[in-house]
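Q: What follows is the residue order along each chain.
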Amino acid sequence: MGHYIPTTDREKKDMLAAIGMMDMQALFSSVPSHILADRWDLPAGLSELEVRAKMEKMADKNKVFSSIFRGAGAYNHYIPAIVKAITGKEEFLTAYTPYQAEISQGLLQSIFEYQTDICQLTGMDASNASVYDGATAAAEAVAMCKERKKNTVIVSKTIKPDTLEVIKTYCRGNGMEVVLTGEKEGRTHLQGFAPDDSIACVYVEQPNFFGLIEDVSALAEVTHQAGAKLIVGCNPISLGILPTPASCGADIAVGEGQSLGIPMGFGGPYLGFMACKYDLVRKLPGRIVGETVDQKGQRAFVLTLQAREQHIKREKASSNICSNEALCAMTAAVYLAALGATGLREVAVQCTSKAHYLATELSKIGYTPLYPGAFFHEFVTICPKGAQNALDALEQADILGGLPLDENTILWCTTEKNSKEDMDKLVAVLKEVG
Amino acid sequence: MELIFEKSMEGRQQSILPACDVPIYLPSQTRETLPKLPQLTENELSRHYTALAKRTFGVNDGFYPLGSCTMKYNPKINDEMASLPGFASIHPLQPAHTVEGCLEVMTLAQQFLAEITGMDGVTLQPAAGAHGEFTGMMLIKAYHESRGDDKRKKIIVPDSAHGTNPASATMAGFEVVNIPSAGDGCVDLDALRRVCQDDTAGLMLTNPNTLGLFDPHILEITRIVHDAGGICYYDGANLNAIMGIVRPGDMGFDCVHVNLHKSFSTPHGGGGPGSGPVGCKAFLQPFLPNSIVEQEKRANQDLSIGKVRSFYGNFLVIVRALTYMLTLGREGIPAVAYHAVLHANYMMAQLKEMFPVAYDRPCMHEFVLDLSSIKQKTGVSALDVAKGLQDVGIHPPTMYFPLIVQEALMVEPTETESKETMDEAVEAFKKVYETIQKEPHLLRQAPYKGVISRPDEVTAARKPRIHYFYDK
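These protein sequences, in sequence, are chains A and B.
Counting from 1, position 99 in the first sequence corresponds to residue 99 in our numbering; the numbering is continuous, with no gaps.
So the number in our numbering is just where the residue sits in the second sequence, counting from 1, plus 434.
In short, the hints are calculated from the structure, not lab data.
Only true hints are included.
So the derived label-pair ranges between C-beta atoms look like this:
# : chain 1 : residue 1 : chain 2 : residue 2 : range
1 : A       : Lys13     : B       : Glu861    : 17 to 25 angstroms
2 : B       : Gln463    : A       : Ala85     : 32 to 40 angstroms
3 : A       : Ile312    : B       : Gln463    : 41 to 49 angstroms
Dumping the calculated DSSO-like pairs for lysine-lysine here, alpha-carbon to alpha-carbon at most 30 angstroms:
#  : chain 1 : residue 1 : chain 2 : residue 2
4  : A       : Lys313    : B       : Lys587
5  : A       : Lys89     : B       : Lys853
6  : A       : Lys316    : B       : Lys587
7  : A       : Lys277    : A       : Lys168
8  : A       : Lys168    : B       : Lys715
9  : A       : Lys277    : B       : Lys441
10 : A       : Lys420    : A       : Lys63
No experiment lies behind these values; they were computed from the predicted model shown.
The C-beta atom is built at its ideal place from N, Cα and C for all residues, glycine as well.
Kindly produce the complete structure, drawing on both the sequences and the hints.
A: Below, the structure written as structure tokens:
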């Protein structure tokens with residue numbers, strides 16, 4: 001077996017003697033003896049070489065596509081080399097939540113810098129140190145808006161299915177009512193929406209699940225007329241070019257930060273970011289780092305506004321979150337620093353430019369857009385010969401096509417990693433299918 | 435130290451992307467100004483974070499006995515396996531036949547965790563321990579509701595519990611009933627009997643508890659709750675003490691979360707990502723979150739509580755934990771618990787001569803010192819001692835937890851620390867103890883060797899500055 005225990009037999013004996021115990025079994029004398037398990041249906045341990053071989057064999061069973069045109073919540077962006085070099089540093093990797101400020105200044109400062117970046121991207125006044133992912137960020141934001149007499153959340157019908165599922169689960173817990181909007185041509189449709197006092201908030205995504213640009217400003221106006229808060233779930237790459245949620249009137253901006261330097265990793269770990277207007281900061285869940293001074297007046301960073309949190313407030317806390325996604329937040333901050341504002345804008349421009357090129361080329365062979373109007377880097381087309389035939393043919397050519405939404409439509413996605421050559425190849429393969 | 439924004443220089447840029455090879459398309463509506471982000475060369479960026487790393491203390495820097503957090507060594511092979519392109523570069527929505535290796539990883543991890551906890555089904559979706567607690571509470575809620583048992587609105591939580599327990603119960607819509615601990619630090623059986631009624635949804639308990647004590651009445655406790663029709667939830671934060679020795683399922687628990695970033699050696703990452711899989715007995719299985727691995731096996735989908743996270747959980751953390759479990763196997767897993775408990779008792783035996791132990795009897799994987807008598811005599815608090823320990827090269831233990839001990843310091847050495855490291859740590863504690871005896875006032879200002887002295891937390895909370903102001 002492998003293990004990481006340094007204690008030798010000799011030391012074990014010495015330590016047992018020091019604590020006055022006969023043997024290792026005596027350490028568990030407070031456990032009722034008849035429930036001590038003597039049989040474990042587990043395999044024998046392995047050496048590092050054997051474990052590596054076993055894990056590599058499993059990894060080899062997965063197909064790594066050379067070209068990916070699928071998004072739907074996980075995006076294949078380029079990750080600069082510096083990102084992993086920094087986030088792999090053992091100090092960051094092996095530390096825990098910076099409860100002891102004096103020996104955690106580096107980590108605290110990195111979170112403070114991340115919070116600043118998120119405020120810059122979203123135009124908001126305050127950001128937390130991260131939550132689990134975009135879906136839980138949305139669900140936590142909805143919970144932030146709950147008041148005694150405001151217990152309903154209006155959720156746009158055009159958001160990612162997983163996000164809707166998670167919002168529903170959280171609301172089943174906290175007792176909020178979830179009401180879906182209508183949908184018209186792939187966009188949020190508020191016809192029949194009657195403003196009433198019970199509405200706590202409205203949740204919409206920009207761009208939405210189908211990649212379409214929503215009229216967030218119009219939604220903000222209606223939402224605020226009803227005395228409710230507007231929560232916008234946004235793609236952080238798109239914020240390199242699209243108007244900020246704050247400038248569109250959002251009260252809370254959340255999103256999935258995976259695009260910011262985090263590998264797709266079969267779905268996780270990812271990064272939920274949350275930012276809000278200043279008046280909501282004391283309702284924001286999770287860790288928040290603040291700047292202060294030490295006794296000598298030097299700049300210092302601490303975990304702050306902790307009176308919101310579970311370890312102080314227990315059953316009255318704004319959320320139960322304890323562990324977050326700190327290393328993923330650092331990843332995002334390093335990614336943003338590596339690119340800078342013009343670099344981020346360039347990523348956004350390339351994503352949307354390539355999506356428009358691909359949409360145009362696909363349209364020429366009969367894969368016409370399902371919805372009219374502006375989109376960012378995802379779009380839905382119909383498939384003249386069926387979605388599965390198209391995707392099978394692409395897979396043969398080592399291309400992961402878009403996500404089939406039903407038998408005849410596909411949600412495509414492009415990023416800066418999709419070259420014109422790759423897109424032309426994709427179109428050529430589909431042309432063969434007919 | 436300067437912030438990255440203060441090091442930024444207009445005009446500096448890294449060359450990462452090629453020129454766009456298709457016609458440029460710009461949206462009709464764009465943001466008015468670009469976000470302000472730092473502009474640095476790769477060299478400057480690298481140095482900035484190297485400087486931050488030097489101002490951060492991790493397990494690799496030294497002894498980190500942060501109680502309740504199980505700060506064990508994080509094996510490097512785990513990280514390397516998680517970065518294999520066959521795992522890291524897989525899109526979560528690839529067709530099933532192209533992700534058979536990922537599904538195998540998840541199935542194997544579930545099998546290990548089910549066996550270790552004594553449960554029948556496992557979901558890997560929860561992203562952290564507290565997230566697992568919420569998932570477990572939702573399972574309990576869905577179970578009672580499915581039986582039309584609508585009265586069960588209360589979750590019992592001992593006053594020694596982790597703060598996440600009552601917070602998770604509230605998030606799931608339960609009312610929390612706190613019960614006091616008995617004189618021995620364990621569950622007060624009479625108090626438990628009094629609150630166990632037909633409105634009891636369940637009990638949340640960690641065993642060993644947060645004092646590091648295994649509750650000897652555990653079978654009686656779970657029986658009382660079951661007799662009242664409640665469900666027993668096991669907070670697996672302290673699993674390191676008992677894994678491979680006794681199963682929570684055999685103690686009478688119905689549902690459990692485990693923290694892969696504690697017992698199963700995945701790195702804590704400065705606060706996350708963690709992973710908090712939830713296991714449950716067969717009667718709760720129909721309520722587990724939807725997920726691809728279970729989906730095929732489960733007939734009745736409408737009983738599910740739904741999803742608690744997008745996709746399937748923190749997969750690359752699960753890859754690390756599986757690598758660890760395969761390494762340890764059936765001999766290595768109990769060896770972890772034996773040594774974690776041996777090491778804690780060894781350290782406690784040395785330390786209690788100086789610092790009183792809150793409950794002086796053999797502990798499990800951690801123990802709690804109670805410094806209230808020291809504070810009364812000398813004015814030196816648990817906080818002061820923690821800060822003093824920083825100056826002698828130790829990450830301080832967890833402070834002021836559990837709440838039932840006034841001046842608590844919770845020490846958890848873990849199985850991966852050597853006897854020499856623990857002996858050195860005891861010497862370090864001794865130095866602090868001597869300072870308390872001779873010059874207690876010195877500790878009120880500690881630490882002295884840090885990059886900063888004590889920060890002003892009151893001002894930080896009263897006048898929050900929670901991001902950098904570019905325009906100052």
